[in-house]
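There are 2 protein chains.
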Amino acid sequence: MSKKDKEDIQKEEIENVTQEPEQNKVEETEAPIEKTELELALEKAEDFENKYLRAHAEMQNIQRRANEERQSLQRYRSQDLAKKILPSLDNLERALAVEGLTDDVKKGLEMVQDSLVQALKEEGIEEVATESFDHHLHMAVQTLPADDDHPVDSIAEVFQKGYKLHERLLRPAMVLVYN
Amino acid sequence: MSKKDKEDIQKEEIENVTQEPEQNKVEETEAPIEKTELELALEKAEDFENKYLRAHAEMQNIQRRANEERQSLQRYRSQDLAKKILPSLDNLERALAVEGLTDDVKKGLEMVQDSLVQALKEEGIEEVATESFDHHLHMAVQTLPADDDHPVDSIAEVFQKGYKLHERLLRPAMVLVYN
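Protein chains in written order, with our numbering: chain A, 66 to 244; chain B, 66 to 244.
One chain only, chain A, in its complex shape:
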């Protein structure tokens, strides 16, 4: 039964009830107090029924919103820490790029890097792809003129990796792009 149907039924009930005494008015003059009381009571009943229906509907809204919010908080819970960890990953990459590292040191750095990348991945954080320029994911910090070998929007170099958490961008990739 829809809410409207219910209201209609209620209205009908009230109309039936309120009309009846009217019809009997001429015949019965005693008990006018009851009539007022009845009207008042019916109004009160209708009032509280409406309040109840509204409260019930609102309760469901609150529950729905709370669920949505909970899901969103869960989905993006790692966002703040992940953002703060990205500079450590950058530093690691820079450290790995230093020339003349011994194999031990290199292995150690790569182990740290792999475990960080893995930890981020498990929480939904991954590098943004850099196949072709996309202003939603990349920031062009420098440009080169496009030519036959380098079509418009092809990426020449990635200066700093970009990352996203699920579909949400944490930071754009800094790129050198042909245009």
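Worth flagging that the hints you see were computed from the coordinates, not collected in a lab. There's no promise every hint is true.
Any copy will do: because identical chains look the same in the list, a pair fits if it lies in one copy or spans two.
[As the list claims (entries may be wrong)] Below, simulated DSSO-like cross-link-like pairs (lysine-lysine); rule was C-alpha separation at most 27 Å, straight line:
(1) Lys172 with Lys149
(2) Lys148 with Lys172
(3) Lys226 with Lys148
Once you have looked at the hints, place chain B on chain A.
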């Protein structure tokens, strides 16, 4: 409002309507229609008032619980990612302990370490103190007999650091303890 709730309400209304005339039959014989209607209306009003009050109270409960849950989710949001990052910190410490690192490499590693520790700290994650043994925070992986210089529960060595997120333990410190 669910279909079931509505049906319940309807059922109750029907029951009220069918029961009341029975009860009033014996005592009052005049104007039984007005009296019954008034009583019905008053009961209906009371019924919906109670339902409204209950729904309202429940609404407030739901809101309160949702707030508490939101606060808890916010407070511990970094827990999962932080736990997964701790092994990277361990690996970094091990890499820094390797002998014969060049100053550049050492500086690079320390920079990564500092930035990781700082990121974790900003999210509420810190090392657990290891002044004196506390079974809530530490795991004794090895023990030594206590003596005059080393009282019971003093910690001889920390094999692996422990971490907590606010007051919640992420992992205990692995320690060598006198007992």
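Name the hints, by number, that the structure is in violation of.
Per hint list: zero violations.
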